[in-house]
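Number of protein chains: 2
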Amino acid sequence: MDRKANIARLKEIDHERVLYQNITALLGWDQEINMPESGVEGRSEQMALMQGVLHDKITSGEIGDLLDALGASEQQSSGDPSFSDMERGLIREYFREYNRERKIPKKLVQEMAVVTSKAQPAWVEARKSQDFSIFQTHLEKIVALTRETTECLGYKEHPYDPLIDQYEPGMTTSEVARVFSGVKKDIVALLGKIAEKGQVDDSFLYEPYDNKLQDDFGRKILTDMGFDFQRGILTESAHPFTTGVGKDDIRITTRYNEPSMSSSLFSTIHEGGHALYEMGAASPELKGTSLGTGISLAVHESQSRFWENIVARSDDFWENYYASLQGMFPDQLGKVSRDAFVRGINKVEPSMIRVNADEVTYSLHIILRFEIETALVNGELEVKDLPEAWNEKMREMLGVIPANSAEGVLQDVHWSAGLIGYFPTYALGNLFSAQFLETLKQEIPDYREHISSGNLIHLQRWLNEKIYQKGGVYTATEVLQQVTGKPLDPSHFSRYLEEKYTRIYDL
Amino acid sequence: MDRKANIARLKEIDHERVLYQNITALLGWDQEINMPESGVEGRSEQMALMQGVLHDKITSGEIGDLLDALGASEQQSSGDPSFSDMERGLIREYFREYNRERKIPKKLVQEMAVVTSKAQPAWVEARKSQDFSIFQTHLEKIVALTRETTECLGYKEHPYDPLIDQYEPGMTTSEVARVFSGVKKDIVALLGKIAEKGQVDDSFLYEPYDNKLQDDFGRKILTDMGFDFQRGILTESAHPFTTGVGKDDIRITTRYNEPSMSSSLFSTIHEGGHALYEMGAASPELKGTSLGTGISLAVHESQSRFWENIVARSDDFWENYYASLQGMFPDQLGKVSRDAFVRGINKVEPSMIRVNADEVTYSLHIILRFEIETALVNGELEVKDLPEAWNEKMREMLGVIPANSAEGVLQDVHWSAGLIGYFPTYALGNLFSAQFLETLKQEIPDYREHISSGNLIHLQRWLNEKIYQKGGVYTATEVLQQVTGKPLDPSHFSRYLEEKYTRIYDL
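Protein sequences appear in the order of chains W and A.
So the first sequence is numbered by our numbering: it starts at 2 and just counts up by one.
So the second sequence is numbered by our numbering: it starts at 2 and just counts up by one.
If we strip away everything but chain W, and leave its shape as in the complex, we get (with noise of 0.2 Å):
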C-alpha cells in the first residue's frame, strides 16, 4: 500500500474507534443518569467489554505496521510534507497511544481494574466512616501498580513524568514544578493580603431557590454563550461533567442548590465551557476522528474556567445578567445590589474541599495534590503517613486543617480509581485560560463591552477561531503557542488574580 492507502486505512480504523468511545462515554454517562441501582454489575461488564475493544484497537499489529509504514516516529510532526496538519496530528496521536499501551502488559491493566473495583467501595465507606485504615492498604495497592506502570513505561527524570503525560502530554514533572512554585507563592500572598480585609457578605447565595427556575436561567446563559440545543442537552447529576455520546450529543449535567445557587450556576456554565470546545473541534476534516475534540485536560480546562470565572464571575458579566437573575428571585436578591453579588460570588475563603474552593485558593487544593502525588510516586512519601502529610501541607499552604479524613485526605475519588497525575490539569487550565485572556484583550479590545452587553458569542467565536474548531491536531504546547505567542506563562494567572481580587477586596 503507499502512504495514502495507509492513511485512508488509518483514518478508518480511527472512525470505528470513535464510535466505540462514544459508545462507552453512553455507557458512563447512562449509569450516573438513569441506571437503576442493581444495574451496576451489568454496566461494570458492559464498560470493560468495550474498553477492552478500545485496547485491542489501539494496540493491534495492524495499527503498528500502518504507523511503520507511515514513518511515524517522535518527531513525526515535521514529516512528511504530504501530509496535511490533521493526518500529521493523527500520526502523532496514534504512535503516542500505540507506544504507551503496548508498553503496559495486559496482566498490569488487569490487576489495576480489580484493585481499583474493591478500592472505590472502600473508599466510599472509610470516607463515611472518617476512617483512612479502611482504604490505606488498597490505597497502597494502587500506589504499588502505579509505579510499576511508571517503570514499564519508562521515563528520563522522574517516575511521575509518565503518569502526567497520560493526561497533559509533553507535560514534565519539572515544568509543572516550575509553574506551580511560582502561582503558590503569588497566591499565599495575594491570601495574606485578602485576610487582612473585612470579609464580604455570601448568605444570601446559601437561602433556597427555586430548581425550575435555576435551570432555565442556566440554559439561557448557555444559550448565550453558544451552546447548541439540538447538539446537546443539561441534565442533573450527583457531580457535574461534561461528556461526548457523538460528535452531534454533548452532553452536560449540573446540580442544583448543593451547597448554594452559584456553585450551581458556575458548574453550568463550567461544564458549558467544556461543551462549546467539544462543539467547536467539528470541523468537516475533524468530524467522526479522534482528533475532533479538545486536545489535553489543561487545555479543556482553561475553557471551563474562562467561561466560568474570567466572563461569569466578573463585574461586566452581571451588569448584563443581573436584573434579569435578581427579577427571578426577588425574595432571596432584592436587596442585595450588583455590586454586592459579584463580591459573593467571589468571595475568597481558605477552606477543606476543593471543589467548593474559591478561585484564589482552588489551585493551592491542587498544588497540595501534585507535591502529594510526586512524593508518593518517588518513595519519598508512604501511604501511611499520607493524612499527616496532607493536614501539614493544608496548614502550611491554605491555613486551616481538617477535622477529619473525610474533609482531608479522603475527599477526592480520583487515587480510588487509580488516577495519579490527573490533579495538576485542573490548575494548568486556571494557567492556561489567564495566559488566553492575554491575548484576547490585545486582539478584542473592548472586549469587556462585549460582555457586558450580553455579546458571549462573540467571545465564543474568538476562542473557536483561536482553539475549539483546531481540535486535537496540534499539541497543547503548539496551541498555546499558535494563540499567544509564548510558551506556558504562570505570571499571566498571578496578574490576574492579583487584578481581580485587588478590585474585589479593595486591597
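Just so you know, the hints here were simulated from the structure itself, not pulled from any lab data.
It is possible that some hints are incorrect.
Claimed, not checked - Covered stretches of chain W, going by a simulated chain A footprint (3 or more residues, C-beta under 8 Å):
#1 240–249
#2 326–334
#3 366–375
What the hints assert, rightly or not - Think about it this way: if two alpha-carbon atoms lie no more than 20 Å apart in a straight line, the pair counts; the simulated SDA-like pairs of lysine to any residue are:
#4 Lys198(A) / Val343(A)
#5 Lys198(A) / Gly345(A)
#6 Lys221(W) / Gly345(A)
#7 Lys288(W) / Glu46(A)
#8 Lys467(A) / Glu286(A)
#9 Lys58(A) / Asp57(W)
#10 Lys142(A) / Lys467(A)
#11 Lys288(W) / Val343(A)
#12 Lys194(W) / Tyr363(W)
#13 Lys213(A) / Lys221(W)
#14 Lys58(A) / Lys288(W)
All of these numbers come straight from a predicted model, not from anything done at the bench.
Idealized CB from N, CA, C, for every residue including glycine.
Using the hints, position chain A against chain W.
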C-alpha cells in the same frame, strides 16, 4: 475439545453477545429518551457498528464448528441427555439463528438497511401529508427485498412462513390463518351484538389529569405487580416500550394524556407486564445468557396483555384500586361510580387506529394486517392497490372506513422499518393470555379474590413459576403445552371476550 468444553465455549461467546445486545438496547432507549436532535447521524453509525458485530458473532465459523461438534440439528432438543434443558435450549437457538443469518447475504441486509433508512422519513412525510404515493415506491422496494429474503431463507408452504418464524419461532402461516379465522368470526359476531346495545360513557377519561399524580399511581400499581424499581426504571417517551439494558436493568416507558388517562395507565401496566417477564427470566443458570429473556414475541405480548386487560381492566382489580384513584382525582372521577368507570375503560367501539383500539376490536386490526402482509408477500396484492385493499377490509371487519391514509394504511411505523411478519404476534399474544387464564382458574380457583384484595404478587409468583423463570429454555409451543397441557386453542380467547363483554354490555 470434548462436549463439555464446547458448551462452555458457546456459553462464553453467548455472554459476550448478550453484552453487545444490552449495549445496543441502551443505544435505542437513549435515542428515544435523551438524545439531542442532531445526534441521530452518529447514533445510526453506532447502532450499525453494534449490529454488524452481532451479525458477525452469530454467523462466525467458530459457531458453526461448535454447533457441528455439539451435534446440533433441527431435532437437537431431543438430543444428548448429558446436557441440561438450558444447554439444549441454547444449542437450539444458536442453530436456528446461525442457519437463518448465514442464509441472508450481507449485501441484502445492507440493501434493506439503506432502503429502510430512506423509507422511514418518507413514511413520516407521507403520513403528515396524508399522501400514500410519497411512501409507495419505498414500500415497493421493501416488499421486493422481503420477497428476496424469503427466497434466501426458503420455505415449504408459504413465503410468509420464514417471516413470521423470525418473530415467532415455529409458527407458520397456515397455523396463524387457522387460529385467526375462528377468532375473526367470533369477534365480528360479538361486535354485532354490542352494536345493538346503548354505548357506554367514557368522556371522563378524556379530561385533563395531572401527570405527576398519574405517574405516582402507575408506580404504585407497578410495585404491587412486583416490578422491582431497584432493577428497572419508568420514564416518559413518545411511544411506550420496554427494553432490557441488562439483566438487572429493565426499562419501561409510558406517556401521559395521549389521548386519555386510561391509555396512559394501561400503557404503564402493559409495559409493566413485559418487564415482569424480563425480570423473572433471571435464574442463576439463565442470568447473562441469551436465554435470560422472554421466549417469543407472542408469549411476551401474552404477559403484557394479561396484566393490562385480564387483570387491570377487570372489575375485581378496581374493587381494590378505584377508591384511591378517585381520591387522587376528585374533580374528574368524584361523580363516576366504580361500575361506570369499569365500563368506561372497557368501552368497545370500532375505530381507525390500532394502538388506541379496545380489547375486542384490537385483534381485528391485526388480522387485517396479517391478511394484507401475506397477500403482499406472495404477490396476490400489489403495493399500489394497498390503500384500497386496506379500506375495503376495514369496512368488512370493523364497519368503518378511514377518511385518509394517515388514519388508514399509513398509521403504523412497522413496514417502513422492514418489519413484515411481526404484526401477528400481537394478536397471538391475546390468544396465549386467554389460554393461560384457563389454567390459572384451575390452579388458583380464588384468583379473583387475590386481584380484588390487591394481592397481585400472588399472580406474579404463579406466572413467574409457570412462565417467566423458564426464560428462553423451551419453545413457545412447549411452554404453552407445559402450562396449559394443550396446543394453541383460540376458543379460550373468544370465550373470554364473550363472557366479559356480556357483563359489560349486558348482552
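**Message:** Check the structure against each numbered hint from earlier and tell me which ones fail, lowest number first.
**Reply:** Checked against the structure, the hints that fail are numbers 2, 3, 6, 10, 11, 13 and 14, while the rest are satisfied.
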